[in-house]
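**Q** Put together the whole structure using the sequences plus the hints.
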Amino acid sequence: MASPETGGGWFRRFHEAAEDAPSLLCFHHAGGSAGAYHGLSAALRPAAGLIAVQYPGRQDRRHEPVLDDLDKLADLAAAQVAGLVERSGRTPAFFGHSMGAVVAYEVARRLDAPPPILFASGWRAPSCEGERRTHPMSDQELLDDVARLGGTDARLVRSRAFTRMILPVLRGDFMAIGTYAYRPGPPLTCPIVVLAGDDDPMTPVETVQDWHLHTTAGRDDVHVLPGGHFFLDDHRERIAEILLGRLAP
Numbered sequence: 586m587a588s589p590e591t592g593g594g595w596f597r598r599f600h601e602a603a604e605d606a607p608s609l610l611c612f613h614h615a616g617g618s619a620g621a622y623h624g625l626s627a628a629l630r631p632a633a634g635l636i637a638v639q640y641p642g643r644q645d646r647r648h649e650p651v652l653d654d655l656d657k658l659a660d661l662a663a664a665q666v667a668g669l670v671e672r673s674g675r676t677p678a679f680f681g682h683s684m685g686a687v688v689a690y691e692v693a694r695r696l697d698a699p700p701p702i703l704f705a706s707g708w709r710a711p712s713c714e715g716e717r718r719t720h721p722m723s724d725q726e727l728l729d730d731v732a733r734l735g736g737t738d739a740r741l742v743r744s745r746a747f748t749r750m751i752l753p754v755l756r757g758d759f760m761a762i763g764t765y766a767y768r769p770g771p772p773l774t775c776p777i778v779v780l781a782g783d784d785d786p787m788t789p790v791e792t793v794q795d796w797h798l799h800t801t802a803g804r805d806d807v808h809v810l811p812g813g814h815f816f817l818d819d820h821r822e823r824i825a826e827i828l829l830g831r832l833a834p
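Counting with the numbering used here, you get residues 586 to 834 for the letters of the sequence shown.
Since the hints were derived computationally from the structure, they do not count as laboratory data. Each hint should be verified, as a subset may be incorrect.
Ranges of calculated distance between the beta carbons of each label pair, as one might list FRET restraints [stated by the list, open to error]:
no. : residue 1 : residue 2 : range
1   : E671      : P811      : 12 to 22 Å
2   : P786      : H808      : 10 to 20 Å
3   : R804      : R695      : 23 to 33 Å
4   : E726      : S673      : 15 to 25 Å
5   : D724      : D605      : 21 to 31 Å
6   : E714      : G674      : 36 to 46 Å
7   : G830      : T801      : 21 to 31 Å
8   : E671      : D818      : 30 to 40 Å
9   : D729      : A603      : 42 to 52 Å
10  : P811      : C713      : 20 to 30 Å
By construction, the Cβ of each residue, glycine as well, lies at the ideal position given by its N, Cα and C atoms.
**A** Following this line, the structure appears as structure tokens:
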């Protein structure tokens with residue numbers, strides 16, 4: 586059962602881990618929630634503890650406004666993560682998928698001490714320019730994007746109850762990532778390990794190659810796995826193996 590961590594409703598832990606196990610802080614994709622990492626948490630236990638970040642505006646935070654500005658989201662999340670680090674006495678490794686990779690990166694930039702490692706999954710390097718969407722998307726455009734990328738049961742996409750719940754979240758998150766503009770600054774000092782799907786329509790493999798430009802640690806592993814944008818869901822055990830290989834003391 587999920588149990589909320591302290592931090593103003595920002596953190597969720599799904600499974601217990603060994604007392605001395607490394608920790609992994611996970612940032613979810615656009616339109617998603619902390620629950621997206623439940624399966625990965627199960628795959629990592631007890632060797633590593635997973636804490637998932639819950640952005641405002643969804644699930645148990647649905648009465649809060651969705652943040653449609655990624656920099657503001659990163660500012661608020663960084664303040665909460667700094668508090669988590671202070672309470673625990675250590676900085677967890679970071680993992681982010683899709684929009685979550687950018688949020689994880691921007692949060693890491695805002696901390697006094699970087700995470701020991703950043704895993705960037707399913708998104709291009711911040712300095713690699715992609716399509717920017719500065720105009721609000723229609724309901725149908727949003728749902729078409731969800732259908733194109735997969736990761737959501739097609740029956741849910743056709744459900745009126747589901748679409749009423751998810752559309753405000755999608756609209757805010759897509760605006761946040763669509764208007765994000767990378768601002769050059771000092772690189773991180775931690776390694777950045779990249780994961781990508783070989784058939785991802787949103788993030789072609791060539792667009793992830795420049796993540797190493799955003800760290801002084803140099804070029805690191807780029808793991809390309811079979812699948813589309815949500816390749817994560819099809820390869821949890823393999824991804825857990827990759828993560829544990831780098832998280833081990």
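**Q** Determine for every hint whether it applies to the structure shown.
**A** Hints and how they fare:
no. : hint                      : in the structure
1   : E671 <-> P811: 12 to 22 Å : violated (41 Å)
2   : P786 <-> H808: 10 to 20 Å : holds (19 Å)
3   : R804 <-> R695: 23 to 33 Å : holds (24 Å)
4   : E726 <-> S673: 15 to 25 Å : violated (41 Å)
5   : D724 <-> D605: 21 to 31 Å : violated (48 Å)
6   : E714 <-> G674: 36 to 46 Å : holds (39 Å)
7   : G830 <-> T801: 21 to 31 Å : holds (22 Å)
8   : E671 <-> D818: 30 to 40 Å : holds (34 Å)
9   : D729 <-> A603: 42 to 52 Å : holds (44 Å)
10  : P811 <-> C713: 20 to 30 Å : holds (22 Å)
Checked against the numbered hints above, the structure breaks hints 1, 4 and 5 and satisfies the rest.
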